[in-house]
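Enquirer: Modelling step: build the complete structure from the supplied sequences, incorporating the hints.
This is what each chain is made of:
Protein chains: 2
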Amino acid sequence: MAEEQCTAIVAYEVTAEDREKFLNAWKKADDYLKEQPGYINSSLHEAASANPDFRFVNVGCWASADDFRNATQSSGFREASGSLEAYPIHAAAYEVVEI
Amino acid sequence: MAEEQCTAIVAYEVTAEDREKFLNAWKKADDYLKEQPGYINSSLHEAASANPDFRFVNVGCWASADDFRNATQSSGFREASGSLEAYPIHAAAYEVVEI
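Note that the protein sequences, when read in sequence, are chains U and R.
Position one of the first sequence corresponds to residue 5 (the working numbering), numbered consecutively onward.
Position one of the second sequence corresponds to residue 5 (the working numbering), numbered consecutively onward.
FYI, nobody ran anything at the bench for these hints, they're computed from the structure.
There may be inaccurate statements among the hints.
It does not matter which identical chain is used: a pair holds within one copy or between any two.
[Unchecked claim] In silico EDC-like pairs for lysine to aspartate or glutamate, Cα to Cα no more than 16 angstroms straight-line:
(1) 31 x 57
(2) 38 x 71
(3) 25 x 57
(4) 32 x 102
(5) 31 x 102
(6) 38 x 89
(7) 25 x 89
(8) 32 x 89
(9) 38 x 83
(10) 25 x 39
As the structure is a prediction and not an experimental result, all values here were calculated from the model.
Expert: Rendered as structure tokens:
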């Protein structure tokens, strides 16, 4: 059986003016996550339209939902992601539905 | 140069009680989209946690953002997706950020 993989989807509310500031903050947080157990990859998406509900959505792959939760609940992550707190986020671990 | 591809990310607010009803409605809409020009694939994700902001997030790949917009603004789609209107959605076309 294939190892269970977890997709973390995180949507960020960011204004057009804050784009560069957000990208710097996100990169710092992602650099921290890259070093944590179970991190596989991140794919940051930017909206192509003018006034999206979520300018950025990250689709991240982790070896398991526990790895994702452990990494993002660590004190190291709170420090690395401090600058992201300015942006309302909607985050959860997801699994692909077989339909 | 590779052809530009567009990722459509659509987040749905769905209660636990409405899960099955939503899945039926989503499948009907997706079956319509599958037949439209530029559709590449859909990957419906379901939250693994109890009270997510968005129980379902679809990550769809289209040949272009125009194809996605044309398909979802068609009268055929309005008909096929009528049962989805009960669920608040957040939809946009996205491009991956090189960071």
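Enquirer: Decide, hint by hint, whether the structure agrees.
Expert: Outcome of the hint check:
1. When the C-alpha separation of residue 31 and residue 57 is checked against a cutoff of 16 angstroms, the pair qualifies neither within a copy, at 21 angstroms, nor between copies, at 24 angstroms.
2. Only within a single protomer do residue 38 and residue 71 lie at most 16 angstroms apart by alpha-carbon distance; the minimum there is 12 angstroms, versus 34 angstroms between protomers.
3. Taking the shortest alpha-carbon separations for residue 25 and residue 57, neither the intra-copy value of 18 angstroms nor the inter-copy value of 25 angstroms comes in at or below 16 angstroms.
4. Proximity of residue 32 and residue 102 under a CA criterion of 16 angstroms is satisfied inter-copy only: 15 angstroms between copies versus 34 angstroms inside one chain copy.
5. Proximity of residue 31 to residue 102 under the C-alpha cut-off of 16 angstroms is restricted to the inter-copy arrangement: shortest distance 11 angstroms between copies versus 32 angstroms within a copy.
6. Taking the shortest Cα distances, residue 38 and residue 89 never come within 16 angstroms of each other, neither inside one copy (19 angstroms) nor across copies (38 angstroms).
7. Proximity of residue 25 to residue 89 under the C-alpha cut-off of 16 angstroms is restricted to the intra-copy arrangement: shortest distance 12 angstroms within a copy versus 35 angstroms between copies.
8. When the C-alpha separation of residue 32 and residue 89 is checked against a cutoff of 16 angstroms, the pair qualifies only within one copy, where the shortest distance is 13 angstroms, while the shortest distance between copies is 38 angstroms.
9. Taking the closest pair of Cα atoms, residue 38 and residue 83 come within 16 angstroms of each other only inside a single copy of the chain (15 angstroms); across copies the shortest separation is 44 angstroms, beyond that limit.
10. For the homomeric pair residue 25 and residue 39, neither the shortest alpha-carbon distance inside one copy (23 angstroms) nor that between copies (40 angstroms) is at most 16 angstroms.
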